[in-house]
Amino acid sequence: MNLSDSKKKLALAGIICGVVAACLAYFGNPANMAFCIACFIRDTAGALGLHSTETVQYARPEILGLVLGAFIISVATKEYRSMAGSSPMVRFVLGMILAIGSLVFLGCPLRMIIRMSAGDLNAWVALIGFILGVGTGVIALKKGFSLGRAHAANRMNGYVLPVLMAGILVLALATTLLKSSESGPGSMHAPILMSLAGGLIFGAVAQKSRMCFAGSIRDVILMRNFDLLTIIGGLFVVMLVFNIATGRFNAAFETPGIIAHSEHLWNILGMYAVGFAAVLAGGCPLRQLILAGQGSSDSAVTVLGMFAGAALAHNFGLAASATAVNAETQEVVAGSVPLYGKAAVIICIVVCFLIAFLNKRNEGK
Amino acid sequence: MRIVDARGLSCPEPVMLTEDALREGKGPVKVLVTEPHQRMNIEKYAKDHGRKAVSEKTEDGFAVVIE
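In the order they appear, the protein sequences are chains A and B.
For the first sequence, the numbering used here assigns the number 1 to the initial residue and increments by one for each residue that follows.
For the second sequence, the numbering used here assigns the number 1001 to the initial residue and increments by one for each residue that follows.
Just so you know, these hints were derived from the structure itself, not from any lab.
A virtual CB, placed ideally from N, CA and C, is assigned to each residue, including glycine.
Hints may be right or wrong, so weigh each one.
Unchecked claim - Mimicking BS3-like on lysine-lysine, the simulated pairs with C-alpha atoms at most 30 angstroms apart in a straight line are:
hint : chain 1 : residue 1 : chain 2 : residue 2
1    : A       : Lys8      : B       : Lys1057
2    : A       : Lys78     : B       : Lys1052
3    : B       : Lys1052   : A       : Lys9
4    : A       : Lys342    : B       : Lys1030
5    : B       : Lys1026   : B       : Lys1044
6    : A       : Lys143    : A       : Lys78
7    : A       : Lys179    : B       : Lys1030
8    : B       : Lys1030   : B       : Lys1047
9    : A       : Lys78     : A       : Lys7
10   : B       : Lys1047   : B       : Lys1026
11   : B       : Lys1047   : A       : Lys142
12   : A       : Lys179    : B       : Lys1057
13   : A       : Lys143    : A       : Lys9
14   : A       : Lys78     : B       : Lys1047
15   : B       : Lys1052   : A       : Lys179
16   : A       : Lys179    : B       : Lys1044
17   : A       : Lys9      : B       : Lys1026
18   : B       : Lys1030   : A       : Lys360
19   : A       : Lys360    : B       : Lys1044
20   : B       : Lys1026   : A       : Lys78
21   : B       : Lys1057   : B       : Lys1047
22   : A       : Lys143    : B       : Lys1047
23   : A       : Lys78     : B       : Lys1044
Said to hold, decoys possible - Residues from chain B that keep clear of chain A, each with C-beta distances beyond 10 angstroms, as calculated:
hint : residue
24   : Pro1012
25   : Gly1025
26   : Gly1050
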């Protein structure tokens, strides 16, 4: 089975994933979140007690499903490779940047597309930053950026993250150890089995199609190759139809209740950091989970970095707040990015530049 | 035959190294990669640029010969 050898199959892969995201949104996930890697990692970090923001704590089965789906399909189709050793600690830092930048914008690149399909103009503004970030990463690649080679590792290394993820699922189902939000985004979710099934399907399709939100734009800039962008197009169209059909489409900036803010500069810079870091790490947050599932310990370290970054973003108050209606006064309160969040994004961008231009390819031919 | 050793490198480095090698000369190029999707990317890159590519399994991945 190969989903990446023709544009039709790639578009189909995007459509399948779009249907999964639409179903999960319909059955309980926050409306314009539907399927967001950064938000789901943040919620899962909260469930584990890595941060204490009570409204965003829930072990999202989608995250576990994504890793396990990619793991199972890669083993079944003989694409599983246990690899490790390509600058793991640099990748950990890039994972932190992916999470922090996403939580300042309020969404990973996948959710940016989902928000765009719901008419959220803030996400269209953020797209500018994301494209510029990916473009900066491409310049670094052309100047010889590389995190070095990964090497074959003991087969067991690649099993660790999928097993840890399965462990979180067991804890969620069989114990009361994990925290679970009673209000806010963390309390809004589709039924557990549906979320898990959605994650498994999304993970398997993403593995076979090589879906990557940073890679899609990177390939267009670098090689004029539109293959990966076709997947994103399929997903966008499905979510657009879903949002229009269910009355969720609203082309506007200040829209309370959809988890977004209109600080344009910080939407742009947040996603600039994410686009830049994603190119340096070899893939967007979704792709990191998929690569980790198919055996990359380096991507698994990036995922752990995303957990750490998400926890820090909430422990230090870096994450943005969303535009909302004050329940008592019924006034719209504009969402915003805290001062420390702005400082964190600037630091993230500086760190990206340091990583980009201090890691050169010195071999390879 | 020129050899591009792209084993263990992250995307899109294998394709970039292949592109450089094809630009530098006209003869055949052998590209060594580790992962199945990288083999496919190289094969597709060759096909898109009017070159024939033949792959074979190696001990630690794949060798793609672009003629």
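Would you mind confirming whether the straight-line C-alpha gap from Lys1026(B) to Lys1044(B) stays at or under 30 angstroms? OK: Lys1026(B) and Lys1044(B) at ~18 angstroms, within 30 angstroms.
Taking the minimum C-beta separation from Gly1050(B) to chain A, is that value above 10 angstroms? holds, 15 angstroms
When you check the alpha-carbon spacing of Lys8(A) and Lys1057(B), does it fall within 30 angstroms? holds, 28 angstroms
With the threshold set at 30 angstroms, check whether the alpha-carbon distance from Lys179(A) to Lys1057(B) stays at or below it. violated, 48 angstroms
Measure nothing beyond the straight line between the CA atoms of Lys143(A) and Lys1047(B); if it is 30 angstroms or shorter, mark the hint as holding. holds, 26 angstroms
Is the Cα-Cα distance between Lys1057(B) and Lys1047(B) 30 angstroms or less? holds, 19 angstroms
Checking one constraint from the list: CA of Lys143(A) to CA of Lys9(A), max 30 angstroms. Satisfied? Violated, at roughly 33 angstroms.
For Lys1052(B) and Lys179(A), compute the direct alpha-carbon distance and say whether it is at most 30 angstroms. Violated, at roughly 56 angstroms.
Between Lys78(A) and Lys1047(B), does the CA-CA distance stay at or below 30 angstroms? holds, 24 angstroms
Are the Cα atoms of Lys1052(B) and Lys9(A) separated by 30 angstroms or less? Holds, at about 23 angstroms.
Between the alpha carbons of Lys1026(B) and Lys78(A), is the straight-line distance 30 angstroms or under? violated, 34 angstroms
Keeping to a limit of 30 angstroms between CA atoms, is the pair of Lys360(A) and Lys1044(B) held or broken? This hinted pair holds, its Cα atoms lying about 26 angstroms apart.
Hint compliance for this structure: hints 4, 6, 7, 12, 13, 15, 16, 17, 20 and 24 are not met, and every other hint is.
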